[in-house]
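Undergrad: Protein chains in written order, with the numbering used here: chain E, 1 to 195; chain B, 1 to 221.
In case anyone wonders, no lab produced these hints; they're calculated from the structure. Mixed in with the good hints there might be a few duds.
Said to hold, decoys possible - DEER-style ranges, computed between Cβ atoms: (1) Val144(B) / Ser136(E): 29 to 37 Å; (2) Asn196(B) / Val85(E): 13 to 21 Å; (3) Leu68(B) / Ser65(E): 28 to 36 Å; (4) Ile52(E) / Gly155(B): 48 to 56 Å; (5) Arg70(E) / Leu79(B): 16 to 24 Å; (6) Ile5(E) / Gly27(B): 32 to 40 Å; (7) Thr62(B) / Ser65(E): 38 to 46 Å; (8) Gly20(E) / Leu83(B): 31 to 39 Å.
As the list claims (entries may be wrong) - With a Cα cut of at most 25 Å, we get these calculated SDA-like pairs of lysine to any residue: (9) Lys45(E) / Leu79(B); (10) Lys45(E) / Asp58(B); (11) Lys33(E) / Ile48(B); (12) Lys33(E) / Gln67(B); (13) Lys45(E) / Gln67(B); (14) Lys195(E) / His78(E); (15) Lys156(B) / Val144(B); (16) Lys53(E) / Glu82(B); (17) Lys94(E) / Phe135(E); (18) Lys195(E) / Val79(E); (19) Lys156(B) / Asn184(B); (20) Lys45(E) / Pro77(B); (21) Lys109(B) / His78(E); (22) Lys33(E) / Lys53(E); (23) Lys109(B) / Ser146(B); (24) Lys109(B) / Ser142(E); (25) Lys156(B) / Leu115(B); (26) Lys33(E) / Val144(B).
Said to hold, decoys possible - Some but not every residue of chain B turned toward chain E, in silico, with C-beta under 8 Å: (27) Ser36; (28) Thr104; (29) Val144; (30) Ala148.
Backbone N, C-alpha and C fix where the C-beta goes; we use that ideal spot for every residue, glycine too.
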Amino acid sequence: MTRIIIALLAFIVAVVLFFGYTRAALDSTSLVKADIDRFNEALSKARELQEIKQSLLSRYNTFGSQDLSRLNRLLPDHVDNVRLVLDLDSMAGKYGMAVQNVIMSAAPDVGEETANVLGALGAQEKPFDSLTMQFSTAGTYSDFVRFMQDLETSLRVVDLVSLSIQQVNLPEEQLAGFTEPVYAYHLSVRTHWLK
Amino acid sequence: MDSKIKSSFIPKDAGVLSSKPSSKRSGSFDLLVLGSIILFVASVSMAIGVFLYVQFLDASLTSRVQQLERAREAFEPALIQELTRLDNRMQASAVVLQNHYAPTALFRKLEELTLQTVSFETMDFQVVGPNSITVNLSGRARSVNSIALQADLFGKDAAIVSPIFSNITREQGGVLFDVSATINPSSIRYVNVFANRNVREVVPAEGQPSEEDNSIPLFAP
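Looking at chain B on its own, in the form it has when it is part of the complex:
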């Protein structure tokens, strides 16, 4: 009769080696594989994200370029050029007018200051520099006293600066003399003369033409 009692107390798998170290290696290997896959997925995702972002930026750039192009067209370069030229013309005209002289103001001044006993025979007017105007006159006076009085009158006037009387020569029928002086430019500057003229003509006398009637000669093509 077979006894059912196991006679050996030695476990049956006592001779089989333990598999625990092998499973540990396999686990870390799996981890490496997993890491690689995660890296791959992350890299691909990032590449897709960057690609889409680049596409978005490109579209945005194109849109800005188009907007700028439209803005440039809206400026109307021809109109800008016209406005710029007008601006230049206005500024240049202001400069030209500022430096424009009214010589008739000098003639009036001389008429006003010249004594009845004095006459002028020649005159040289010269704009030497931007703020330097000279005038040389040669004349005839009834006497030396007339010349002295004339010198006094010229000396007192603000428009005629430093008048120098010279070459005083007695001749039959009068005394010849020369005068040289500089002219105060502001006294004959057109803008000043015109402003003074306007002040005088604020209220035109009855029967006289108004300012609008004094047509400016159109002196250009």
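With the rest of the complex left out, here is chain E:
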């Protein structure tokens, strides 16, 4: 009789142990193994990325701090339009001209060339923003050309959007200081900054 009970108990315990724990635990191991495989893959990619990072870092270290600073000035982080007006005025002032009637406005879309040119950057959104500024000034043609030369070669990129030149008929007493005819210039320029 005892042996019957022992056999029955052993059988019941074996069955319960198998279905109650072993099978469920074995099932859960497949999930854990899948996680480990994923992590192994991620680790191997991390190693590859680390190598890429090292190579990029060594390239980055070859950039001079002056070059990086110039690049930051070429496309700054903020528009800083007040500073832009002051810089334009001082640039014009070098040639005896004054910047007047300044109007700021968000840059209208002049086609989507930039998006097309961007290509790798993604056609849907430009990485930089633009601001259009209109202003007027007056002076001789040669002074204006020198001013424009400074403007187009300035480190902070300023694109000319429109320009209108008209001769100004100044009174004789004001013309005394000029050896050349004086013109009025209405300019619309655009500047950019990194978003």
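Put chain B on the given structure of chain E with help from the hints.
TA: Here is chain B on its own, set in the frame of chain E:
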């Protein structure tokens, strides 16, 4: 005298029933018990094995998570962000420079092409689209022949596309006229103008400042 010879030939255990069927049942019962025990031992062994395996996998998973965490820290997210922004800035700057125009190249071109007998009084320059630049001029010429010659000169130049002369009006002291044309964008694109300028300035003349001396105005904060 008792005879020692057994008188009966009937075996003494003839009346006892054979126990053989009972022992057979007991044997198969033992086998069942043995099977149960083997099953029990196997089940317990398997459970222990699986338990240890689960422990091993858990330890392995934890170790991978820690390794990934360390790998993430080694990436230095702040540095990656800085490098990404620099990359964006470089690519965006290339685009901005590619679309940057040098209007003085147009002024030089007009100076070069305008006849001595022709002068311009007004000018409207407009960047209409990314590859479309228009210019409208109104001027005065000494004669209609001068306008014809001017039209010929403009027509032959690659920078000024489709010049149209209109509103030709004789007046005292000359002939008034208007010109409208489109400008070939590549002729005033800054990168092209700068490249041409560099070609001209490869060997600076003696006494002239070298390229490095031509400081670019720093036009930003």
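Undergrad: Holds or violated: lysine 195(E) and valine 79(E), Cα atoms, limit 25 Å.
TA: The given pair, whose Cα atoms are some 10 Å apart, holds under the 25 Å limit.
Undergrad: Verify the CB-CB distance for glycine 20(E) and leucine 83(B) against the hinted window 31 to 39 Å.
TA: Cβ of glycine 20(E) to Cβ of leucine 83(B): about 54 Å, so the range 31 to 39 Å is violated.
Undergrad: For the range 38 to 46 Å, tell me whether the beta carbons of threonine 62(B) and serine 65(E) fit it or not.
TA: holds, 43 Å
Undergrad: Between lysine 109(B) and serine 146(B), is the straight-line Cα distance small enough, at 25 Å or below?
TA: Holds, at roughly 18 Å.
Undergrad: CA of lysine 33(E) to CA of valine 144(B), is that 25 Å or under?
TA: Violated: lysine 33(E) and valine 144(B) sit about 91 Å apart, past 25 Å.
Undergrad: If you draw a straight line from the CA of lysine 156(B) to the CA of asparagine 184(B), is it 25 Å or shorter?
TA: holds, 13 Å
Undergrad: Is 13 to 21 Å a correct range for the gap between the Cβ atoms of asparagine 196(B) and valine 85(E)?
TA: violated, 32 Å
Undergrad: Honestly, do isoleucine 5(E) and glycine 27(B) meet the 32 to 40 Å range at C-beta?
TA: For isoleucine 5(E) and glycine 27(B) the Cβ distance comes to about 19 Å; the hint is violated.
Undergrad: Between the alpha carbons of lysine 33(E) and isoleucine 48(B), is the straight-line distance 25 Å or under?
TA: holds, 19 Å
Undergrad: Starting from lysine 156(B), check that the Cα of valine 144(B) is at most 25 Å away, please.
TA: holds, 19 Å
Undergrad: Between the alpha carbons of lysine 94(E) and phenylalanine 135(E), is the straight-line distance 25 Å or under?
TA: holds, 17 Å
Undergrad: Is the interface hint satisfied for threonine 104(B)? The criterion is a beta-carbon contact with chain E at less than 8 Å.
TA: It holds, given that the least Cβ distance between threonine 104(B) and chain E is near 5 Å, below 8 Å.
Checked against the numbered hints given earlier, this structure breaks hints 2, 6, 8, 21, 22, 26, 29, 30; the rest are met.
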